[in-house]
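Engineer: This is what each chain is made of:
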Amino acid sequence: MWLALYIPALPLQAFSHTLTESAPVVVFEREARRSHIVARNQKAARLGVRLHATLAEANALSDALVALPREPLRETALLERMAEATSALTPNVHIREHYGLLLDVSASLAMFGGAQAVHARAQTLSQAQHVRCHAVLAPTASGARWLSRGHRQLVVESNVGAWLDDLALDCTDFSSALNDELHALNLHNLAAVRRLPISELNKRFGTTLTHQLACAYGESSETLSLWQPLTTFHDKVEFLDLAREQSHWMSGVEALLLQLQTFLRSRAASTQAIEFCFCMGSLQRTRFALQSAHGTHLASDWLRLFNARIDRLPITHEISSIDLSCERIEPMRFSDVDLFDRSREQEREWGTLTTLLRLRLGDNALHAPRSNANALPESQASQTSQVAVSAPAKSSTRHVQAHASTVTRQDTSHRPIWLIHPPRPLTERELRALTSSIHLQQPERIQENWSHPEGHSNAQRDYYIAKTPDHRALWIFRERPCNDWFLQGVFG
Amino acid sequence: MDAVFYQQLIESDSLLRNHVQRGASAGVALGADETAGPGIATNFAVLDAFLPWRGWPVGAITEIMTDTTGCGEMSLLLPAMARLTQEKRPILMIGAPHTLYAPTLTQAGVDPSRVTQINPSSTSKQSKENLWSAEQALKTGLPGMVVLWTPASQSVAPEVLRRLHLSTLGRDTMLIHFRGKSSMSLPSPAWLRFGFAADDTHIRLQVLKCRGRLLTRPLITLDRAAVQVRLYAQLRAARSLDKALELGLGPDVLSPHALPTHSGTTQTAHNTAASPNVAYAH
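Protein sequence lines, in the order shown, are assigned to chains R and P. Position 207 of the first sequence, counting from 1, maps to 206 under numbering that gives the first Met the number 0, and the rest follow consecutively. Position 267 of the second sequence, counting from 1, maps to 266 under numbering that gives the first Met the number 0, and the rest follow consecutively.
Treat the hints with caution; some may be incorrect.
Unchecked claim - To spell it out: a stretch of chain P is covered by chain R in this simulated footprint if at least three of its residues, at any positions, have a beta carbon under 8 Å from a beta carbon of chain R; those stretches are: (1) 36 to 43; (2) 57 to 70; (3) 98 to 106; (4) 157 to 170.
As the list claims (entries may be wrong) - Pair ranges (Cβ atoms, derived): (5) Glu478(R) x Asp66(P): 26 to 32 Å; (6) Ala48(P) x Pro468(R): 29 to 35 Å; (7) Leu185(P) x Glu326(R): 24 to 30 Å; (8) Glu478(R) x Ala48(P): 44 to 50 Å; (9) Thr230(R) x Leu185(P): 53 to 59 Å; (10) Arg311(R) x Thr139(P): 15 to 21 Å; (11) Thr139(P) x Gln115(R): 45 to 51 Å; (12) Thr230(R) x Asp66(P): 56 to 62 Å; (13) Asp62(R) x Thr139(P): 51 to 57 Å; (14) Pro468(R) x Leu185(P): 26 to 32 Å; (15) Ser246(R) x Leu185(P): 34 to 40 Å.
These aren't lab readings, by the way, just hints derived from the structure by calculation. Note that beta-carbon positions come from the ideal geometry of N, C-alpha and C, so glycine has one too.
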């Protein structure tokens, strides 16, 4: 059994529905020096625009008419999207250019509850994609395809020949020249053609005609190439007018994310990264990448991350279209459920929270405490630094009374909980204030013996704990040999 | 009358159900610690004994009001932070005045890998972001503790505090909110509020509000050196236990004298540590 989904206004529906539903729109195709209408929406039809009329005739009917050139690439993209959606019914999907889809649903009938149920579900799927199409279920692929051009909805479970006999020749795949010849012979439907002897038909029109008839009536088999599912996602929404406010274009974002959700769900896949591209024609583009801590396929999750990010980095220009792309998908992984240990689940949720905070506050907003116990505190090269801890030489500054004590173990040294990064030089005024009130204790020398990326080569510092008049404890040091004083930390 | 009122509240809103039940219990049995709810021990005996939750209240806001940093205010939190990170609970520090230094956290027994800090901020916009971040984190109930700093110069609107309060209610998390002293006279839904002051030798906690306690406004005094000793006692004990186990000795043979000393300063502080005391004053 074959399900044919025929999209009559494919050139029009290839454009996003928000665009085609907002104004009278026609799609024209240029042929030689003449542009003629190949599709129009209902608003344009109400204005009197006819199919196959010239573009000039259509423009003469209304100033508000929007004329769009036919874009075959868009049509292919729409068919791909439809194939994505209908692949929920069967993996055997055939895309037929300029027509629609053919689905081999023989193996799916029992699972979905029969031909009528499959037919109804296919219509629901196409409506969800905002695509108006004819749906016909028939025993043969060609038969279903031809019948779909003549019927909006039809389910033929047996005896397809009876339905085909009454079909007009315009609904078939015959070439226009062949149709004209058959009409000239007063043959207007398939039954009339089939009444002629096959040998005579072969002799006059070649074997193509009889082969196509045999395939449609189920007397011969035909081979169709099946569609291969895509592994990347690309979709786009367009606006007729430039959208200025976020409330205007947000529905487009939501629609794209729902498409992405459908795409991922049909593959039992998830993704960790997506990218939006907000375009103002070809003048300005703003790329907007989102990353999740773990793979997700839900539109609501991505929308939450999007809202967090857009609050920090709003789009400042007007928008004519929005692209969404997802280059990498991965199989959906089910989280391990442990009734007695929720640590994994909590780690996953924590990852989600930190991702949300990063998107809202910036990539560098979240950080771990500085972890470098064995070198100069602001140094990053903790693994390779060598530290020498020893008693400092007697202070050469007359204002400071240092009480030397030998510190033998690094991990037992008293360290501040707050680090000033980078160390702040103490001004003359601060130093002058310190001389009268500061009390220094526990001097400790920290010396780094090799050059590291931040340029503190051979740094030698004498660290002190200083109490200020307002009872704060500070970690200050004197840089050798220049004797400059710095504030390095605050005890908490 | 009260019973009818509480029953109506419980039936009106599912979100308030747990809260009202707790409030009703606390109202009926004022000062009864068993009904106060869970808490995380502060590791300061006098403080734990005073607080109805036997520590920092879980599922509630605690406000600490001080205008300065570096006076020992973080020392109060480190034991609870250590306990939470040992339970593999994350901790979020939002709007802290400076960057946390991991070796100090390690010394206090806090696992730095469980601590996440959000950049220091002072501007009004960033301050709003801090409040938003705190709310998001509290709503998940994931962090064991969220510590939020609001600059002394900035005030927090009552409705914002109310939102934070609702975000903590009934969840296994707590919010420690550092605010300026000017906020002491302002109302707040926090369950525990106290002013913080310190000098070279003492830390003084002026309790302004403690849910479940009579409003006696007690002044709790902690010895600052003792606080430092207490901070490192747990780590020293753990290390000596590890060392003893390496040598094949059982924990029972360990004595306080066997604990390793760290530095001259710490040793002196240990010897001179006075017991914390509490004084009640109006």
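Engineer: Does each hint hold? Answer for all of them.
Structural biologist: Results of checking the hints against the structure:
no. : hint                              : result
1   : 36 to 43                          : violated (count 0)
2   : 57 to 70                          : holds (count 4)
3   : 98 to 106                         : holds (count 9)
4   : 157 to 170                        : violated (count 0)
5   : Glu478(R) x Asp66(P): 26 to 32 Å  : holds, 31 Å
6   : Ala48(P) x Pro468(R): 29 to 35 Å  : holds, 33 Å
7   : Leu185(P) x Glu326(R): 24 to 30 Å : violated, 52 Å
8   : Glu478(R) x Ala48(P): 44 to 50 Å  : holds, 47 Å
9   : Thr230(R) x Leu185(P): 53 to 59 Å : holds, 58 Å
10  : Arg311(R) x Thr139(P): 15 to 21 Å : holds, 20 Å
11  : Thr139(P) x Gln115(R): 45 to 51 Å : holds, 47 Å
12  : Thr230(R) x Asp66(P): 56 to 62 Å  : holds, 59 Å
13  : Asp62(R) x Thr139(P): 51 to 57 Å  : holds, 56 Å
14  : Pro468(R) x Leu185(P): 26 to 32 Å : holds, 29 Å
15  : Ser246(R) x Leu185(P): 34 to 40 Å : holds, 36 Å
Violated hints, in rising order: 1, 4, 7; the structure is consistent with all others.
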